[in-house]
Amino acid sequence: MAQAAIEIENLSKEYPYGFLHLKKKKSLEHLSMRVEDGEVFGFLGPNGAGKSTTIKLLMRLIFPSSGSARILGKSIDNVSMHGSVGYLPEQPYFYDYLTAYEVLDYFARFHGLAVSDRRERVAAMLKKVGLDTAKKIQLRKYSKGMLQRVGLAQAILHDPQVVVLDEPMSGLDPLGRREVRDIILELKREGRTVLFSTHILSDAEMLCDRVGVIVGGKLRGVGAPGELVDMKPQGMEILFEMPEERPNLLLLAKAAKTGNRFRVQLPDAELYRALDQLKSANAHILSVAQIKPTLEEFFMNLVEADRAQANAVDVSGK
Amino acid sequence: MRNIRAVAANTFREAVRDRVLFNLVFFALLMMAAAILVGQISIGIEKDVIISLGLTAISVIGILIAVFLGVALVSKEMDKRTLYALLAKPVHRWEFLLGKFFGLVMTLTVNTAAMAAGLYAALWSVKHPLAPTDIYILVAVYLILLKLAIIVALALLFSCFTSPFLAILFTTGLYVAGLFAADLRTIQTIQMDPATLRLMQGISYLLPNFQNFNVMAAVVHAQGIPASLVWNATAYALLYSALVLVTAAVVFSRRNLK
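Note that the protein sequences, when read in sequence, are chains L and G. According to our numbering, the first sequence is numbered sequentially starting from 1. According to our numbering, the second sequence is numbered sequentially starting from 319.
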């Protein structure tokens, strides 16, 4: 088997709590997964599921209770490995007394870049994330979205082979999110491996080759978004407008109304009969589409199952 | 070395931009006021008063900066999470700690040097020309700086495993206890059982002995300061700081960030 960009084996993390730290809370349980070289991997899960814990373990910001992980074949304890990895923390915060240029220049020093290379790279990164006009402003005057861009710039500043992004879309407006998506796609085109965590499922569906879903500290599924979800259509949806009142049209009873538009969902077998009814009632049909299960539904089912299980444990515990 | 230098330079830049060196304005005002007042109210001891006041102010201001900024060196980076992006770079945690230590020591050196210059200016204004023995003021300032380096190392150590409030409390407590370390070693004159006495003496050797760095009386009275005292104090400060920093590095190397 070819060497994976990121290999995680049985990684667990427990946090002690209570007055004497005698009790332990499991934050991550026996996580094993691989992120292949050159793929964009989405790490999905609700808040508190263990996404950031996993990423912090990979970045050696916290230490595992058991298990191991390797990035590009090197143990995560090997500090030199971090020269090939870029990391964007969740809700990044940088030295606010520095300008964007200074903070990037500061981080570039740890990668051993020569002065001329450093200047060149920093200028290119500022341009890439759209901050070249604000590079001389101290970060204390930056908006959340601008800080996120600085975070992205420092993560890819040194041309890393593996990029780990913790909630990169968090706090961004639609334009900012699109820019981050474009950067991720560009990284993919350049052959880099990207692991990013998110709870915005549409982003994951749009960008990822594969996703891993984590709930309650346990990995619940890994695969391509289409593989994880049963893609067999689950019926049809018709969107239509009614130019005049037709109270006796049976279809209207099943439809959801928004303004003068109606949306109705039907089994496949009933589609043509419904279309005939609408035609005879002079309805204006706007669209007919298949209903496909989404990654969101898959995700929500897992979360609800986990909550139900947790409740069951609570009840039996009582 | 490159990583330590980068962190140290940034720590110094932070202190400058956060206007830490503004304390120099306070020191300058104090020295000016002292020079004017002393000239009017003291006869023959102007110089002694200026030197005592100046060295005490250099020491007190330095201690305040060393304790409060020393504790903030790590805790602020953890609270604000500025440390996250940095530690994900090819940087050892001990390099980060050493960079922080040297950055603050650099800040204190610049600050102390500026205050020493202010002290000489005040001295010159009340009694000029300066005497050759006034060079001892520089030795006293150097010893104050060594003392401050130990305090920074202690503040750094405590901030690696406890809250900023407790770290300030522990550092200050250890500083005060360290002022009496020499007294603890000679405590045998007091009635005490031998086991307790040995324990007290053992503790006294663990405490930083800040009396090693106090030469104010000798400087004020223009007495010579033996070179051996300066060498011993330098060696003691280097060794003590190094031990404290190694302990801090060990503690911080397995610290889980929030």
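Derived from the structure by calculation, the hints contain no laboratory data. Take the hints with a grain of salt, since some may be wrong.
Quick list of in silico lysine to aspartate or glutamate cross-link-like pairs, DMTMM-like style, CA-CA up to 25 Å [unchecked claim]:
| hint | chain 1 | residue 1 | chain 2 | residue 2 |
| --- | --- | --- | --- | --- |
| 1 | G | Lys576 | L | Asp96 |
| 2 | G | Lys576 | L | Glu7 |
| 3 | G | Lys398 | L | Glu7 |
Here the structure is a predicted model, which is why all the values come from computation and not from measurement.
Contradicted hints - numbers only
Hint 3 contradicted; others consistent.
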